[in-house]
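Each chain, letter by letter, is given below.
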Amino acid sequence: MSKAKPTAWGLGLAVLILFPIIETNPAWTSIGVLTLMFMACTTSWNMFSGYSGYVSLGSAIFFGSGAYTMALVSTHAHMAGGAALFWLIPLAGLVAMVIAVPVGAIALRVRRHTFVVITIALFFVFQLLAINASFTGGAAGIYIPLIPWGASYYNVPFYYVALGMVIFATLLSAAVRRSRFGLQLLAIRDDEDRALGLGVRVTAVKLTGFTMSAFTFGMAGALYCMLQGQIYPQFVFDPTFDITVALMAFLGGFGTLLGPLLGGLILEASQQYLTQSFSNGSLYLILFGVLFLLVILFMPQGIVVAVSQWWNGRAQRRELKATRDPAAVGAHT
Amino acid sequence: MAALLEAKDVSRSFGGVHALAGCSLSVDKGSITGLIGPNGSGKTTMFNVMTGYVKPDKGTVSFDGHDVTNARPDKIFALGIGRTFQLTRIFARISVVENMLVATQRDESWLRGLTRSKSSKSELDAAMEWLDFVGLSRLASMPAGSLSYGQRKLLELAYVLVADPDVILLDEPAGGVNLTLINEISEKILALNKGGKTFLIVEHNMEFVMKICDKVTVMHQGCDLVTGTPAEVRANPAVLDAYLGSSDDEFDEEEDVSA
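Protein sequence lines correspond, in order, to chains Y and A. For the first sequence, our numbering begins at 7 and goes up steadily by one. For the second sequence, our numbering begins at 884 and goes up steadily by one.
Since the hints were made in silico from the structure, they are not lab data. Beta carbons are placed, not taken as given, at the ideal position from N, Cα and C, and that holds for glycine. Please note that a few of the clues may not be correct.
Listed next, with one range per pair, are the computed distances between beta-carbon atoms [said to hold, decoys possible]: (1) Y:Val104 x A:Glu1070: 53 to 61 Å; (2) Y:Trp316 x A:Gly1079: 46 to 54 Å; (3) Y:Gly16 x A:Ser1020: 29 to 37 Å.
If we strip away everything but chain A, and leave its shape as in the complex, we get (with noise of 0.2 Å):
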């Protein structure tokens, strides 16, 4: 299959942090990769150069064979990757349907929202289809603010998937979630996947990864340690050895799936 975004020798530091140290990732269209690793081996930062939230240091992004690297967040969602965040990150004093009008329109001129209506039909219809997919619609005229952090989490979701992009950056997505909505998001993304959507999944939740992705990369220390299947990444020593064997992660990952 060929690589829909692909990042390669991707560095960043923070201070005399090295977040992500010459750290390459290729996601596959129409695939489900995870992305997983300790804590602080530098997932997060690898979406947020991704997504164009952070510039790197060095290397470079391609999304669908244009470079990305160094385009803003707003271009990036354009040309058609939606993310999510760790800690969900919603617009907590408008309503649920309204958060999900703002992301209706991928690439808008800024011009064109000045004489426009906030939406039109077929936006609402899209906004209400999708809250209903997520199990949200009868919440729409709620402020997004009172919803329960694991509606949070579909709201999130939902807004990005409206929004139609090809290729999803889901982070931690059963982080915080009781196992029934595990259940319910890891079905309705391959659901999506089956539909044509890519994905890629940072997610400490192992159960979750192994149960539902294609490939899986493992990152350590901001460099990637190991890709392949899940079976050939559960198998591999090294990867035991940096991450799933270790007595400390152990409890991080039971932290995690019982949160």
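Just chain Y, with the same shape it has in the complex (with noise of 0.2 Å):
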């Protein structure tokens, strides 16, 4: 089992590497750049919220942010459409990182729901700013410079860069598992009280991870805004960017490292393939919702746990069996 656990990963890592070239298809590479992105923002989203059990439907904040960082940077800085542009990545994450920690001093003043409640709030305050402020352009978007690249090649830079985003976030969210401030994390998910009077400074943890985890999605959305060439207030600020990935993590395993990385390549793969495949662009939403019914009522904790569960059953089972046989045998003879 060991040794299986790396070669799983490994082999996951080959598959995602080799797919833009072994698949040529723009229309499945573009499904790929999309699928890693919502990967690389679930499980950055999953080193907080997953860790700490402070539910977050406000991450749109940090995903629009980045792609406005991006949109706004290229356009007033005159930067030629092109490779160069991946370079404003970075510092987009650090901008929706600073953006982060107002808006989680704010937000994680409070717990459980109403932080959920306060989340949502918080993204609205961003999404109606973004519409009505001039220097985001208002509902009109902006367009940032023609990335002049031929349609066939177009969306292979942005894979690999997408695929960097999902590899640094899981090693992020493992680093973090294994720290000090995971545990951390962890003893603020099982009773923040407690923690608290056992000397984690439960504001200072909890707003650090709120903090970490914006980096990721600022970078996402600011790949995000290269790869479309445009943004609008209402893609980059979308509450059901907020529900997807929230869905996601739990959809794979809420808490663990590989159910976010799951849940987000299975939901968004399909609601990419859904959505070219059927002219009517709703149909995943109720495919979804049937999804989703079935996992709350099947595997509450995600298909990681569920997984993880059945599997070690077995093998206690077979142990069981294993000890009752030759006794069994031992009996008739």
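From the two separate chains plus the hints, produce the assembled complex.
Below, the structure is given as structure tokens:
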């Protein structure tokens, strides 16, 4: 088992690396980019919300802020459309982190359901700001410098940058889980007041986790802006983005490392496929509804936890059978 | 003996209810002090005030010369006051040993927590040592939520102990625990006290209190009624009147012992 895990992770990574080489159809690589983007976002969301139990439905604040950072900096600096724009992606992540500090300081004053509501409210503040402020271009949005890449090749650089984000978010999430900071987030999830009484600086720990999580969202927003070539407030400050990210984590396995990756992979890839395959763009919403009903009813802890419990149960049953069988044989003879 | 932990004239109201009304309490260094009183007399509120979970409306709390009246629970813990809760509070979804590791550093900056692994070898050894002390080391890798109520009480005691506090506040350590385990807990408290730990214990089990405490303070209606040795308290007519003598409280006591 100890060797199987790294092998499985390596195999998964190899498949992701090889995908755009094997499948060159732009329709598929486009699905690949968006899927990886959501996998990175969901992993990052889980790194705070999954570990601490603070379910945030305001992640689009950071996604949108990252997208606007890319759009505003590239247009105001008169940058040429091309690979140089990728350098703005870490900057967008940092801007998202800066914005996350006051947002977190406000939202993290409350807990549980109230926290969820506050993050939604703050999200709408940012959405309205993007629609109404003059510097954002309002509802007309912003066009960024045109990237002159051929259609067959266009998605590939985005794909590998998005893959880089997935690797970054996964390594960061794994590092957090192994750190004392990660243990403190888990303690906060289980009993925040008790953690406080055992010396955990809960306010600082929560705000740090919240801010760290915003970095990947900012980068993903910038990548999305660059990929689309233009942004509108309703597309980058989108409430369904918030819900989708949370649902992906719940589907895959809330608080686990693999779960958000799996949830992002399954949901975003299937959503994009269904949207492209059927003219009715809202069909996927009905299918998602059915899927989530099934998940909540039969696998409330997500796919990863359910499969892991089934696997462990199977191993235990086998062990039990192995210990019983010789006795049974002995009894007959 | 000098007072290590001292509350002076502490008052705290919740709406119209005066949970504490000018209550004073002192815990001598190296002692086992008992805090008893009928249900609703303010014992747990006093614990909450002393550990920063509740801010007093009036009065002061001092610990080893520091004024900790309005300090946060994490600061108070860092200074060396550890506590358990009446209803055990553990981290149910992480393992037993991870529960211990949460408490291994009393006063570490949050920034340091970001850059280090969740435990060093010495912290892990200390965690296992204390788990062994309370008899839970074989369950170290189990999720803490799978422990029984008595085991949770022991785990809570162990993770307070691993932080090496100077004074330990135990809120009903014998509540809901079987007689064998009560004896074990009292033996462990006495052993730790011999090693220099100071205890303040809220408990309804009179036999337990009278057996292990050096000094007992009786609370009644948010005030400290009497303080003295167990024998003095037992013989005090005011105490008998307020607590030990009433038929209702006898019933409570019996219920707690048998639980």
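Go through the numbered hints given earlier and state which of them the structure violates, listing their numbers in rising order.
none
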